[in-house]
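*Asks:* Spelled out, the chains give:
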Amino acid sequence: MKEELQAIESEALAAVEEAEDSQALQEMKVKYLGKKGSLTTVLRGMGKLSKEERPVIGELANNVRASITEALEAKTEKLEREALDKKLETETIDVTLPGNPVHVGGRHLLTSIMEEIEDLFIGMGYEVKEGPEVETDYYNFEKLNLPKNHPARDMQDTFFITNELLLRTQTSPVQARTMEAYQGNRPIKMICPGKVYRRDTDDATHSHQFRQIEGLVVDKNITLSDLKGTLDVFAKKMFGKDRKIRLRPSFFPFTEPSVEMDVSCKVCNGEGCSVCKQTGWIEILGGGMVHPRVLEMSGYDSTIYSGFAFGMGQERIAMLKYGVNDIRHFYTNDVRFLSQYHQA
Amino acid sequence: MLVSYNWLRNYVNLDNVTPEELAEKITRSGIEVEGIEYLAPKSENIVVGYVKSCEKHPDADKLNLCQVDVGEESLQIICGAPNVGAGQKVAVAKPGAKLPNGMKIKKVKLRGVESNGMICSLQELGLDEKYIPADVAEGIFVFPEDAEVGEPVQELLNLDDAILDLDVLANRPDALSMLGVAYEVAAILDQPIELPDENLTVDESIEAKDYIDVKIDSIENNPYYGAFIIRDVEIKPAPLWMRNYLMASGIRPINNVVDITNFVLLEYGQPLHAFDYDQFGSKQVVIRQGKENETMVTLDDQERQLNENNLVITNGKEPVALAGVMGGADSEVTDGTTNLLLEAAYFDSASVRHTVKQTGLRSESSTRFEKGVDPNRVKRAGIRACSLLQKYANGKVAGSVVEVDALDKSEKSVTVTTAKINQRLGMGLDEKDVTSVLSRLQFEFSKNGEEIIVQVPTRRLDISIFEDILEEVIRIYGYDHLPYTIPQGWVQAGGLTDIQLLQREIKNYLSSAGLMETLTYSLTNEKDATRFLTPDIEEKPAYPVGLAMPMSEEHSHLRLSLIPEMLRVLQHNVARTQTDLAYYEIGKVFVSREEKVVNQPIENLHVAGALTGLWHNHPWQQEKKPVDFYVAKGIVEGLFAHLELDVTFVQTKMEDMHPGRCAVIKLNGKGIGYVGQVHPLTAKDFDVKETYVFEIDLESVFAVHQLAPSFTDIPRYPSVTRDIAFILDNDVPAGDVQAVIMEIGVPLVKEVSIFDVYQGEHMEEGKKSVAYRLLYQDPSRTLKDDEVDASYQEIIEKVNNQFGSYVRS
Ligand SMILES: [Zn+2]
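As they're listed, the protein sequences go chains E and R. Just so we're aligned, residue 1 is where the first sequence starts under my numbering, counting upward by one. Just so we're aligned, residue 345 is where the second sequence starts under my numbering, counting upward by one.
Do not rely on the hints blindly, as some may be mistaken.
Using 27 Å as the maximum straight-line C-alpha spacing, the simulated DSSO-like pairs for lysine-lysine come out as follows [unchecked claim]:
1) E:Lys148 with R:Lys940
2) E:Lys266 with R:Lys369
3) R:Lys753 with E:Lys148
4) R:Lys871 with R:Lys1033
Just so you know, these hints were derived from the structure itself, not from any lab.
Could you put together the complete structure from these sequences and hints?
*Replies:* Put into structure tokens, the structure is as follows:
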């Protein structure tokens, strides 16, 4: 009997090895392990065995069954895998054909610049303030030390709506409004981004609408050195850590002293080139110490408080940072321009 | 202000500073030098020559054969200029010379005769045509007799000069004069200043008051008027050096009298006016306001209409000059003038500005009066001019000046301390650092303990407070010495407001949804300003805000909707074969409640989108999806889902939108925007194809939005779905039924979605089938079949009752 079982096992294992499809394996399962299969048939003779032989043969029979089952399963798996491989082979596609395009949108370049500047100053503890674009003469000019008939008013040509209403020519009225709201009794650290308007004919460097971002810090003991240090942080973050800044005296009615800030030209590294008109420096923004009259007009005691303010054109920053050569690109919204700079 | 480097050398020693270095220093100290221009490149081979003889060329009528002594040699030169003649001293370009226009001078033969050089005109020497005086504009230039033969013409004609172009801002009118610039440069270079010669030998036999009387009727606009009398002047060209300086400064020389007044104007910054005394028309100067309907003819031969806001100089009868702006034609100095009435006056800046604005006349004089002149230089300028007239026009200056003087010429004083300066600068300057700057600026000061009391010269009209002195100190001391610090002390957490964060979130969503942000103009044309108004957003009337004086019709009114300018953007791109476009913008619209705007309009932030062309395009797979209503609506729905706000869409009709494809977006029952297809006729107006737009008032969103959503637990019990297909009349909005199902189904029904819409074959005429999927769920337990069934039956029954529908079997 032992020999019979071993014969069945080797026959079955050989047959399984030979089998070519799952149909054949199924038949073999019936043939060797089924109710009428050869293994069952042999085991029917178990009753004739002695008590001592029975467990030995029983264990052997189980081993044979397990061995055949295992072989069947292994072969089944192998055949299935082969079938799958074959099927997958037929599913081969041309991977060089283009994929489905994804519609990518994005922010306008000026929005990206604005948010970058906002985040930079937020990181230094500034709040972001906004205000109306249709302003009163009072907040746009008078509160900023530009009384009616002041000669410096000619510096900005204004879109008037009525004698008292105008499109703001600068975002500084937001500073005036904030100072007034705080009633002279708390420090201020703010930036105010926004659209401004001037009577300029649109060309490569002028736009009747553009965007500014201005900053204001008021506290006890604010110094001109604080302005210089703050602008240096800004310039290095915006234009690269190797950039240097310099201040030049200038004139704005709402600051005294007033300065312009230049950044060393990154094209020539300060050596002089056509971008910086051979000077090695590029003018970026204006600023200064808040004029005592401006502080006083908004309720801040200028003997206790001092402050600095600065302001820049966002377009100018973007043009310098990205090499955009015509301000009109920002407002034409040509998709071929916008998609060069998109940033979700 | 054009500043001649050579002229400036008369007042300050510039030996150790090149024009470039000087320009850089001036810029760094506060007045931007916008450019440097050299009149002509250096040339050694152009010298003064003496024309010994001049004969006709043997073979050419129009050419002259000249023998010219140029110092060490004599050259035979053929010259075509008609004004050449023997005995002249002329500019000779010798062989080897290169003219500013690039021409190289060589020995040549002209019609068989040798020519060894060229006799030059001023143009050929590099002077700008428009500044060359009329009397020497034609032909070659002839030097005065005292020019030395063989001397290089470079210096004689000031061609070696460098012209610095200063951008003088409103605060520094003092720098609109050579003296002002000289004080500035002297301070920068720490050099002394040499003032011009104001010595005058008067002719005591002439008494000005015998010739003229001055009466001012408008003393607040004209607090000083000085009338100088100069007799027997000889009108001729001004000296060469003066003409050179004027040309370098961009002023064309005319004759000695006019040139001298212009020279002093540039030198002192004080405008002067010379009248022909014999043509003045009276012996009295009366300064008064103009009269209604009064007219006068100005120097430019224009008749000017006057009114009471114009200050005028009159001869007691009629106006002879617009004060500080322009003289009159009748009393102009001409070649026949022999006696002069010279005006040195102080006119109020506001008054002059008014006349300038009204007449549009802007002159070197008016510019200076408008910005303010030094009260202490008015009379001195008159004296300086008299001294020059005496010297260069042989005039006899009357022994006194007739003047009316109510001018405040006092100096202001400003008190500072070094400690306060250091506190504001954040520096540690010594007192002598401060006082040394004051000395360099030639500001007098005295000390009182810690205090430094500064006497501010009247030339510096911009200085009146502590901060002004502070600026002087740091700009001369140098901004480069300032340290870099960051404000210390008070700290706040910076950041964006909820509304600002929400705007960024909306931009994130729309950008991720595939839309590109645009930035358009707030100003549009009058017609478009009132287009695309959101229906029933406000019951009150909305008027657009118009500009008082627009620059163009395209930008005359503030927008009430973002859409028109966005359609224009689409048009721009479509015209450039960019046809598949999806744009969004966030910006303000401006709503006035008044037809005639008086108050500030309401500014509402809107978000808008505009889409056209294909939404998806996968060409080789033949998958093309054009933008349609549901694409646009999907973006809007997604936005509100993102913001966790429930909105509804209600069919609506509005101008400029497709009558059947437009929905008003409602939030809490209030219209806050719309979505739909642009009316084909409007689209045609804007030259765009089928276009879908949406626009939402964000102020309404901000009013209800909660920025931080609260946490909802993820359901732990299974949900059950049930589908129902209703046969509805075509005109029943599927969304209405959806809303009713939801209403009936709460709280068990969590979601109702539409998964199939069918119309057409096998469907009764005028009917449609809409299939809804209902999602039942309870967060706290597993639902039982019979309670779901009961709800389902209730929904079917009530919907059928309300909409006259039945369930599709
Ligand atoms: Zn450069």
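*Asks:* Give a verdict on every hint.
*Replies:* For each hint, the structure was consulted:
Note on lysine 148 of chain E and lysine 940 of chain R: the hinted pairing holds, with a Cα-Cα distance of about 24 Å set against a maximum of 27 Å. Simply put, lysine 266 of chain E and lysine 369 of chain R have alpha-carbon atoms about 23 Å apart, close enough for the 27 Å limit, and the pair holds. Of the pairs offered as hints, the one joining lysine 753 of chain R and lysine 148 of chain E holds, with about 25 Å between alpha carbons and a cut-off of 27 Å not exceeded. Restraint check for lysine 871 of chain R and lysine 1033 of chain R: satisfied, since their Cα atoms lie roughly 21 Å apart, inside the 27 Å limit.
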